[in-house]
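**Q** Listed here are the chains, written in short residue letters.
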Amino acid sequence: MTDYYGRPVIKEPVWTPEIPAYFFTGGLAGASAGLAYLAERTDNDVLARRAWAVALGGIAVSPALLISDLGVPSRFLNMLRMFKVTSPMSVGSWILSASGATTSVAAANALTGLFPGMAAVAKPAAALLGLPLSSYTGALIANTSVPVWHEARVSLPMLFAGGAAASAGAAATVMTPVGDAAPARRLALMGAAAELIATNVMEQKLGGLAEPYHEGPSGTLARTAKALTAVGGLAIGGWGHRRRSAAVVGGVALLAGALAERFAVFRAGFESAKDPRFTVGPQRERVDAGRGRGASQTAAA
Amino acid sequence: MSYGADAKPQMGFFTDTSLCIGCKACEVACKEWNQVPESMQGFTGMSYDNTIDLGADTWRHVAFVEQSGPEGMRWLMSSDVCKHCAHAACLDVCPTGALFRTEFGTVVVQEDICNGCGYCVPACPFGVIDKREDDGRVWKCTLCYDRLKDDKEPACAQACPTNSIQFGELGDLRDRAAERLEELTAAGQENAQLYLHDTGDGIGGAHAFFLLLDEPEVYGLPPDPIDTTRDLGTIWAAAGAAALALGAGIAAAFAGGRS
Chain A
34 MTDYYGRPVI KEPVWTPEIP AYFFTGGLAG ASAGLAYLAE RTDNDVLARR
84 AWAVALGGIA VSPALLISDL GVPSRFLNML RMFKVTSPMS VGSWILSASG
134 ATTSVAAANA LTGLFPGMAA VAKPAAALLG LPLSSYTGAL IANTSVPVWH
184 EARVSLPMLF AGGAAASAGA AATVMTPVGD AAPARRLALM GAAAELIATN
234 VMEQKLGGLA EPYHEGPSGT LARTAKALTA VGGLAIGGWG HRRRSAAVVG
284 GVALLAGALA ERFAVFRAGF ESAKDPRFTV GPQRERVDAG RGRGASQTAA
334 A
Chain B
52 MSYGADAKPQ MGFFTDTSLC IGCKACEVAC KEWNQVPESM QGFTGMSYDN
102 TIDLGADTWR HVAFVEQSGP EGMRWLMSSD VCKHCAHAAC LDVCPTGALF
152 RTEFGTVVVQ EDICNGCGYC VPACPFGVID KREDDGRVWK CTLCYDRLKD
202 DKEPACAQAC PTNSIQFGEL GDLRDRAAER LEELTAAGQE NAQLYLHDTG
252 DGIGGAHAFF LLLDEPEVYG LPPDPIDTTR DLGTIWAAAG AAALALGAGI
302 AAAFAGGRS
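From first to last, the protein sequence lines are chains A and B. Be aware that the first sequence starts at 34, since it is given in this note's numbering, and climbs by one per residue. Be aware that the second sequence starts at 52, since it is given in this note's numbering, and climbs by one per residue.
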């Protein structure tokens, strides 16, 4: 393969670690709202109050993380200047705004009893908005030219939704007495399984492009994430229903695993962008194999 | 984007790299006219290329390739620039509308709108647009939007002493490029090729296209660039399916009762 002095063809992202941190907190908040809403509907107020509190915490931190990443933070309101379906960041800004408003009212009501009328609408709305809030971030990074993200466009939203379920279930498992936490434990286990499966499917489909998930700092992060998620799942699945200590240890491991997974995906993007092999290689292959038309034409023979 | 009565002819660049002598007058003229800040000062060891790449403070970049073959050494020189794609990923993903399509069909950043979210940077398949560190906003070639509005040609094209950078109406430029390709091929330049000349490519054709003497990757250009939003349907479908699966998962978590 030819390149130009080994220089990258595309730019590395300019995003700071606030972005993967937000992928985590946004997913945690989104899935927690759904968990809280159904807990309330099934008369499990012990679980519901705690899950609403987690949702509130996550949704409060998220905009701060995003705004601090902006080059011109004072212009954050420009995010709501228009609604653009071609920009997952635009769509996500609206989802996050609506989630923030509804989750705040819902959690305030669950914790203090205030705003009962508004909360009747805000609670189901927060639960529903939390679903796309958990998955759109996968679409956001997939909609770039970064090979390890764009070529994983089908897997990334599922990976992030799985991580959201795992972290929401884990946070509620940590905070809730064992006797009231069964739905949270089940959500944590399903999420952990989905996260591990989605990660493996993604790496399989990426083939050679998955190299950043196996080597270097992003590879270390990816392996750490898998280990933490597996250990957390085992602790909660094996002993979480009997021992609070196992529930706490397992929950913390799952939360750390979901966070590490977001950072692994984030860092892998940088590695993928800066090596021209990952950009030029697959493009040249598809042109040579007749699967892509390429951007060049020689003179007609 | 339709400008109705205000519509203008679609303008662009045809960069004929076979005429480039590597003088970098385009780089200098661009910096001067657009008041682009200082970029790296020093020597890279990459032939005569000390500009390295396109970026926030480098809107024209002359690439220098030294090739040796059976007939000795040859120089390839090419002045690279923002491609002003017909399907521009940077513009598509910009959440604020700071990036827009002008009446000339070019792609320009409105610096009073950009909030430095940085989404356009990894979206661009050519690595053109970038964030200026001290300023927080993104910058790139405007195809001299201010000069076009005044019926003047862009600074780089005016400064180019060999007419390697040609500015004009897109249709005329495309015809001229096709003729030039025939000429060069007939003269024995077997690898001569038009790059981003065809509207059927992954970015819908460019407003800045090139005649190259070797494969695009030799110059650091991607051989089959695509606008990432071409796959937007798949991407949103995957995000929607994942959201529904999450909803189903949360509901299933309550199926087994409270303990």
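These are calculated hints, taken from the structure and not from any lab test. Note that the coordinates shown come from a computational prediction; the quantities given were computed from them, not determined experimentally. Take the hints with a grain of salt, since some may be wrong.
From the structure, some residues in chain A lie toward chain B, with a derived Cβ separation under 10 Å [claimed, not checked]:
#	residue
1	D102
2	F109
3	P121
4	T145
5	F148
6	L229
7	V264
8	R277
9	V281
All C-beta atoms in this analysis are idealised placements derived from N, C-alpha and C, irrespective of residue type, glycine included.
**Q** State for each hint whether it applies.
**A** Outcome of the hint check:
1. D102: 8 Å, holds
2. F109: 6 Å, holds
3. P121: OK, holds: A/P121 within 10 Å of chain B, min 7 Å.
4. T145: 24 Å, violated
5. F148: Hint on A/F148: violated, closest Cβ of chain B at ~24 Å, above 10 Å.
6. L229: Where the cut-off is 10 Å and the nearest Cβ of chain B is about 14 Å from A/L229, the hint is violated.
7. V264: At 21 Å from the nearest chain B Cβ, A/V264 fails the 10 Å test, so the hint is violated.
8. R277: 14 Å, violated
9. V281: Hint violated; A/V281 Cβ to chain B Cβ min 18 Å, cut 10 Å.
Checked against the numbered hints above, the structure violates hints 4, 5, 6, 7, 8 and 9; every other hint is satisfied.
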